[in-house]
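Colleague: Sequence:
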Amino acid sequence: MVRHAFVSHRRTEEALTWVQRGRELDPLAISGVDIGWILFQARRYDDAFALWLLGFALIANNQAKEAIPVLEKALSGSDRSPGVIGVLIRAYAHAGRRTDALRLLAELKKRRHAGYVPPAAFVNAYGGLGNDEDAFFWLEQAYQEQSNILQWLKVHPYFDPIRGDPRFENLLRRVGLS
0 MVRHAFVSHR
10 RTEEALTWVQ
20 RGRELDPLAI
30 SGVDIGWILF
40 QARRYDDAFA
50 LWLLGFALIA
60 NNQAKEAIPV
70 LEKALSGSDR
80 SPGVIGVLIR
90 AYAHAGRRTD
100 ALRLLAELKK
110 RRHAGYVPPA
120 AFVNAYGGLG
130 NDEDAFFWLE
140 QAYQEQSNIL
150 QWLKVHPYFD
160 PIRGDPRFEN
170 LLRRVGLS
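According to numbering that gives the first Met the number 0, the residues represented by the sequence shown are 0 to 177, in order.
Capping the alpha-carbon separation at 30 angstroms, the derived lysine-lysine pairs in BS3-like fashion look like this:
#: 1; residue 1: Lys64; residue 2: Lys108
#: 2; residue 1: Lys72; residue 2: Lys109
#: 3; residue 1: Lys153; residue 2: Lys64
#: 4; residue 1: Lys108; residue 2: Lys72
#: 5; residue 1: Lys108; residue 2: Lys153
#: 6; residue 1: Lys109; residue 2: Lys64
Distance ranges between label pairs, derived from CB positions:
#: 7; residue 1: Arg97; residue 2: Arg166; range: 18 to 28 angstroms
#: 8; residue 1: Leu176; residue 2: Glu132; range: 18 to 28 angstroms
#: 9; residue 1: Asn147; residue 2: Phe48; range: 17 to 27 angstroms
#: 10; residue 1: Glu65; residue 2: Leu101; range: 17 to 27 angstroms
Hints in this document: simulated from the structure, not taken from any laboratory. Here a beta-carbon is modelled for each residue, glycine too, at the ideal position from N, C-alpha and C.
Go ahead and model the full structure; you've got the sequences and the hints to work with.
Modeller: This is the structure in structure tokens:
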């Protein structure tokens, strides 16, 4: 999709122009989540919406405590989505609620033994906990699975803390975003 290509290359204003035009032409083709995701990547946190994206934005805006009730609501409304769990782990960790974060991480690990859990959930969890080694392990899993999280490597604010790591630069190169 054109809008994702723009965002992946830090051309968020162009992506917003495309989705706004697309929404004018076909209001059902572009969801609020699509727009919220682009706004999040553009670091326009106050403009982002949808519970999950709002949780992403609040954490990135150093408002992890405020993100927790939003993400807990998203979790209950998503049938305990692993993606939401991963972001909620990040919120708990950033808010100083490490015990809660580790409890949810244990749930993700248990679910991984019983079935599929996307690597992105673990990337968010371990990144939030500040465990770079495990975050890189799961980023490599994401690379092996060709996960869609990889398209956001260059722009996603959650990767800011590890951008200077040579492993991150190597991953960007392999994905084609260097």
